[in-house]
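Q: Using the hints, position chains E, Z and P against chain D.
So the chains spell out like this:
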Amino acid sequence: MSREDITLLKESLGKEELLRTLDDGEYAKTGFNYRSQATHDAIPAIAQIYLDRGYFLEMLTCLDRLADDEIFRLVYAFNRFDRCERHALDIDLKPTQAVATISQIHRSANWFEREVCEMFGVHFDGHQNLKRLLLPEDTDFHPLLKDFGRIEDAP
Amino acid sequence: MGLKDHDKDPQILQPNLVKADSEQRLMEEAAPYVSFHLLDDLLNRARANSLWPLTFGLACCAIEMMAAGASKYDLDRFGAGVFRPSARQADVMIFAGTISRKIAPVIRALWDQMPSPKWAIAMGGCTIDGGPFKYPNQYAIVEGADKLIPVDVYIPGCPPRPEALINGILKLQEKIKAGRRFEA
Amino acid sequence: MKPRKDAAALLDGETYFLNMGPQHPSMHGVLRLLLRLSGERILECEPVIGYAHRAHEKMAENRNYQMFLPNTSRVDYLGGMIYNLAYCQAIEKMLEIEVPERAEYIRVIVSELNRISSHLLWFGTFLLDLGGITPFLYTFDDREEILNILDRVTGSRLTYSYGRFGGVTQDVDQEFLSMSTAFIKRLRTHFSEYHKLVTGNVIFQGRCRGVGVISPDMARTYGVTGPCLRASGIPYDIRKAEPYGIYDRFDFDVATRNEGDNFARYEVRLDEMEQSCRIIEQAIANIPEGPIMPAKPKKRFKIPAGECYFAVESPRGLMGYYIVADGSDIPSRIKLRTPSFSNLSSMVEVLADTMVADTIAILGSIDLILPEVDR
Amino acid sequence: MPTPTPTTIHDLLGNTWLVLLVATAGIMAFLTVNTLFLVWLERKVSARMQNRLGPTEVGPAGLVQTIADMLKLISKQLITPRLADKPIYHLAPWLIFLPILAAVSLFPFSESYVLHDLNVGLILVFAFAGLTILAIFMAGWGSNNKYALLGAMRSVAQNIAYEIPLMLAALAVTMHAQTMSLRGIVEAQADLPYIFVQPLAFVIYFISGLAETNRAPFDIPEAESELIAGFHTEYSGMRFAMFFFAEYSNMFIVCMVATTLFLGGWHGPFGLPGPVWFFLKVYGLILLMMWFRWTFPRLRFDQLMSFAWKILIPLALFNLLLTAFIMKVVA
Numbered sequence: 001m002s003r004e005d006i007t008l009l010k011e012s013l014g015k016e017e018l019l020r021t022l023d024d025g026e027y028a029k030t031g032f033n034y035r036s037q038a039t040h041d042a043i044p045a046i047a048q049i050y051l052d053r054g055y056f057l058e059m060l061t062c063l064d065r066l067a068d069d070e071i072f073r074l075v076y077a078f079n080r081f082d083r084c085e086r087h088a089l090d091i092d093l094k095p096t097q098a099v100a101t102i103s104q105i106h107r108s109a110n111w112f113e114r115e116v117c118e119m120f121g122v123h124f125d126g127h128q129n130l131k132r133l134l135l136p137e138d139t140d141f142h143p144l145l146k147d148f149g150r151i152e153d154a155p
Numbered sequence: 001m002g003l004k005d006h007d008k009d010p011q012i013l014q015p016n017l018v019k020a021d022s023e024q025r026l027m028e029e030a031a032p033y034v035s036f037h038l039l040d041d042l043l044n045r046a047r048a049n050s051l052w053p054l055t056f057g058l059a060c061c062a063i064e065m066m067a068a069g070a071s072k073y074d075l076d077r078f079g080a081g082v083f084r085p086s087a088r089q090a091d092v093m094i095f096a097g098t099i100s101r102k103i104a105p106v107i108r109a110l111w112d113q114m115p116s117p118k119w120a121i122a123m124g125g126c127t128i129d130g131g132p133f134k135y136p137n138q139y140a141i142v143e144g145a146d147k148l149i150p151v152d153v154y155i156p157g158c159p160p161r162p163e164a165l166i167n168g169i170l171k172l173q174e175k176i177k178a179g180r181r182f183e184a
Numbered sequence: 001m002k003p004r005k006d007a008a009a010l011l012d013g014e015t016y017f018l019n020m021g022p023q024h025p026s027m028h029g030v031l032r033l034l035l036r037l038s039g040e041r042i043l044e045c046e047p048v049i050g051y052a053h054r055a056h057e058k059m060a061e062n063r064n065y066q067m068f069l070p071n072t073s074r075v076d077y078l079g080g081m082i083y084n085l086a087y088c089q090a091i092e093k094m095l096e097i098e099v100p101e102r103a104e105y106i107r108v109i110v111s112e113l114n115r116i117s118s119h120l121l122w123f124g125t126f127l128l129d130l131g132g133i134t135p136f137l138y139t140f141d142d143r144e145e146i147l148n149i150l151d152r153v154t155g156s157r158l159t160y161s162y163g164r165f166g167g168v169t170q171d172v173d174q175e176f177l178s179m180s181t182a183f184i185k186r187l188r189t190h191f192s193e194y195h196k197l198v199t200g201n202v203i204f205q206g207r208c209r210g211v212g213v214i215s216p217d218m219a220r221t222y223g224v225t226g227p228c229l230r231a232s233g234i235p236y237d238i239r240k241a242e243p244y245g246i247y248d249r250f251d252f253d254v255a256t257r258n259e260g261d262n263f264a265r266y267e268v269r270l271d272e273m274e275q276s277c278r279i280i281e282q283a284i285a286n287i288p289e290g291p292i293m294p295a296k297p298k299k300r301f302k303i304p305a306g307e308c309y310f311a312v313e314s315p316r317g318l319m320g321y322y323i324v325a326d327g328s329d330i331p332s333r334i335k336l337r338t339p340s341f342s343n344l345s346s347m348v349e350v351l352a353d354t355m356v357a358d359t360i361a362i363l364g365s366i367d368l369i370l371p372e373v374d375r
Numbered sequence: 001m002p003t004p005t006p007t008t009i010h011d012l013l014g015n016t017w018l019v020l021l022v023a024t025a026g027i028m029a030f031l032t033v034n035t036l037f038l039v040w041l042e043r044k045v046s047a048r049m050q051n052r053l054g055p056t057e058v059g060p061a062g063l064v065q066t067i068a069d070m071l072k073l074i075s076k077q078l079i080t081p082r083l084a085d086k087p088i089y090h091l092a093p094w095l096i097f098l099p100i101l102a103a104v105s106l107f108p109f110s111e112s113y114v115l116h117d118l119n120v121g122l123i124l125v126f127a128f129a130g131l132t133i134l135a136i137f138m139a140g141w142g143s144n145n146k147y148a149l150l151g152a153m154r155s156v157a158q159n160i161a162y163e164i165p166l167m168l169a170a171l172a173v174t175m176h177a178q179t180m181s182l183r184g185i186v187e188a189q190a191d192l193p194y195i196f197v198q199p200l201a202f203v204i205y206f207i208s209g210l211a212e213t214n215r216a217p218f219d220i221p222e223a224e225s226e227l228i229a230g231f232h233t234e235y236s237g238m239r240f241a242m243f244f245f246a247e248y249s250n251m252f253i254v255c256m257v258a259t260t261l262f263l264g265g266w267h268g269p270f271g272l273p274g275p276v277w278f279f280l281k282v283y284g285l286i287l288l289m290m291w292f293r294w295t296f297p298r299l300r301f302d303q304l305m306s307f308a309w310k311i312l313i314p315l316a317l318f319n320l321l322l323t324a325f326i327m328k329v330v331a
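Chains as they are written, first to last, in my numbering: chain D, 1 to 155; chain E, 1 to 184; chain Z, 1 to 375; chain P, 1 to 331.
Where hints are given, some of them may not hold.
With a straight-line Cα cutoff of 35 Å, these simulated DSBU-like cross-link-like pairs (lysine-lysine) come out [stated by the list, open to error]: (1) D:LYS146 to Z:LYS298; (2) Z:LYS240 to Z:LYS93; (3) E:LYS134 to D:LYS146; (4) E:LYS72 to Z:LYS185; (5) P:LYS310 to Z:LYS196; (6) D:LYS29 to E:LYS72.
No lab work stands behind these hints, which were simulated from the structure alone.
Bound conformation, chain D alone (with noise of 0.2 Å):
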């Protein structure tokens, strides 16, 4: 893990205005390199900047924390080709939030967004095409919310 990049990540990233916190990620315990935290307009100025400086989107999920926090929580995994690299980037949205999309950016985003919405919900602002991707096109549930679909709810 080279420290310039980290310099030069933290004086793109570290701005007051885009990150909220930028911390160790703890790399032997939790696999990524760092891990920061954002609000949810910040996103497309730091996936901007990531695409810049080479790295890739490899993973964006969500967490559902509706009934601890009352948030949603995406969760942004960047990494590099050239060396190990995996960046976490955590955004918390109240349930009516919207997020903007960074399918533009990052490409590989489009599905990823996709299925985000598809399985939790959550909107994506400007995504063209946020459609059902893995459900059948009429489904009206978002499956992997924690009160959906519950063993215990079975009839």
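A: Same frame as chain D, but now just chains E, Z and P:
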């Protein structure tokens, strides 16, 4: 035969079933007097020995289906190795893998496209009852191929070995030779 | 006679739509492609996926960590061993379990055997997509050998549940090792046959060279990984970039090509099989005696709140488990980052402006496993 | 050398109508048995090439396998797609089926077994074979299925492209033989088969013939991995069987023409009956075709076309000119 029997039949409420039922009864009643036994026998034997499966894999089992068609197991020995990509030319549909709810209508359409007489083999746990993906309140899969179409032979396993598939096909051959189809 | 709008369009040179799949002989399962065509040239392509969606991620939230183990090998049934062991390794990382040396070596051997068998199957089906039927049967023959070997220790041909948290279920014997050695020898002699039959063939080269080029930039923005990425000139292999298990102990090369076309992907996979053979040989030479499970394996456990991302190199690329624990014995969330998902998403761009026949060739060359895309 | 008077079937039976009936029945029976045998052979040959056994369980060495297949196909339901163009859809299998009967009747299996000996026999064979394209296009169009139509269009383009080198190659032979009668061409090869005189023409003819019969590596109209089953995607049961029958019979015809034109027909280096030599050569060529099919991957459509127009046709023209030039100079 008269309608009297049918009047008592609760199935009268389902007209389609009644029609099929009355046809079947007609066949059964006529059977002792009218018989193309020799021809039936010959055709059944031909059908049994020429089961062309539809090239249609759903998931893991499809790989074992391919393996069964490959050199080591060689389904072609039994005349069942001619995998036809077009449903119009296939005789047997091997369900090889999990049936998701999204694919279910497609399967139904494919089955309807196949010309009679046709047969279905449910290969693997998923197509028998949902297999490992079945749990209370699941949302993704259809629990068993027989929810969609009538299945003739069930082959358990996850996935079944190619030997098991061959055995299933031999069982289907026996069934066809005996002239039995779509038992309830 | 009904008006045949699409058919007429085909003759008039207008554009029309063609629906490929989900039942199509070369959609590798249940992929569906919506194509807008002009003649045989593709103007637009939209993959429709989800026909093999089996809700693995929801199932993970419904059962404890051990019970999810059998699911893992069914996500990607061709790299089942690698997926299965990766899940164990992720849990071991979270629980900080030490894995015995011998188990680590066994894991490497079976993983690489699994990788070879996956590549062999790809080789056959790729040629099948191109219309060459016989190579498919030859590679299946070789593949059966691997399945025999793995069947011997795991009891399963395809969907292995061989890994346990802390080791593996069964120890391997000398017979297993000698079978593996014999297989590598056999495979190497067969490689020259494959080259004679396929690689040098003019028709094959004509179908592959310059077709379906993925540029390095395109690969990055779509998150393409695995052989598809390495064929574009980027030597990114998790086994080297982020060595897991004991992969840092082995001497092997990352196969790359620069062209990024079908042929490059073909060559990369062939080279990779050879590299896997090298790894297996080294592992067989160095495998120590000893236990295959920790002295006190964890039978029932809870994982303290926290999260872990664990990536491995599956036959198709970067495969990651993102596991979030909430302190109970049931995972709060398991996200599977699967390579085919991202690789397939790049097809929207790669397939544009190709011929129908090329579509089949390109899809074949990127090696899709649909249940892995749909999870 | 005095030529023996050909004994035709007319001399044996006398009555023209009877001749027609017997000959048609005879050819039908022969072609059916031949197709069944060829399909069985193909399955066996491919199996051996692929370390398999092929059909073994149905009859001795699986010989009854294809009969079972045929009986099954006869007894299958015939499905007509609702939106099909019905007259065309129904006519297509017949149209692909009937010209084959006509074409086969023209071949001299030996010097004495000739059904019709016409002085334009070669042209007629090609003319009948040309009808196949029409039938394929009708099948593709009538099915109202995009895959079928794509297959049909590919087939038309391919057949037109490959018919030209096919004809040009055959033309070079007729220049040598100075006749278009198939019998005459064979008789002209009593000393030396034309393959030694016209090796290039033979290669061109054989490649074009593969393309004409839609055999791999030119099986583009029914490219299984691309177009499901191509032009016959929507055909089931017996109608499909007729296409299947036509494919193998066309293969047979192409090889018979090759034998007649290039391999010296019924002539052989040592004394076996004429028909034996004839069929040995034909089946040898068919085996070669099968070998190709199970070895090569498939060409792409544009590659196929450019191969025909840019390589085969110029080569065939060159060969024709060269033949004409040499014959003029030598004469």
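Q: Now, for every hint given, state plainly whether the structure supports it.
A: Taking the hints in turn, this is what the structure says about them:
Distance check on the hinted pair: LYS146 of chain D and LYS298 of chain Z sit about 28 Å apart at the alpha-carbon level, within 35 Å; holds. For the proposed pair LYS240 of chain Z and LYS93 of chain Z, the alpha carbon gap of about 19 Å is at most 35 Å, so the pair holds. The straight-line distance between the Cα atoms of LYS134 of chain E and LYS146 of chain D is roughly 18 Å, inside the 35 Å bound, and the hint therefore holds. A hinted pair counts as satisfied when its Cα atoms are at most 35 Å apart, and LYS72 of chain E with LYS185 of chain Z qualifies at roughly 20 Å.
Restraint check for LYS310 of chain P and LYS196 of chain Z: satisfied, since their Cα atoms lie roughly 27 Å apart, inside the 35 Å limit. For a cut-off of 35 Å, the pair hint linking LYS29 of chain D to LYS72 of chain E is broken: about 46 Å separates their Cα positions.
Comparing the model with each earlier hint shows a violation of hint 6 alone; every other hint is respected.
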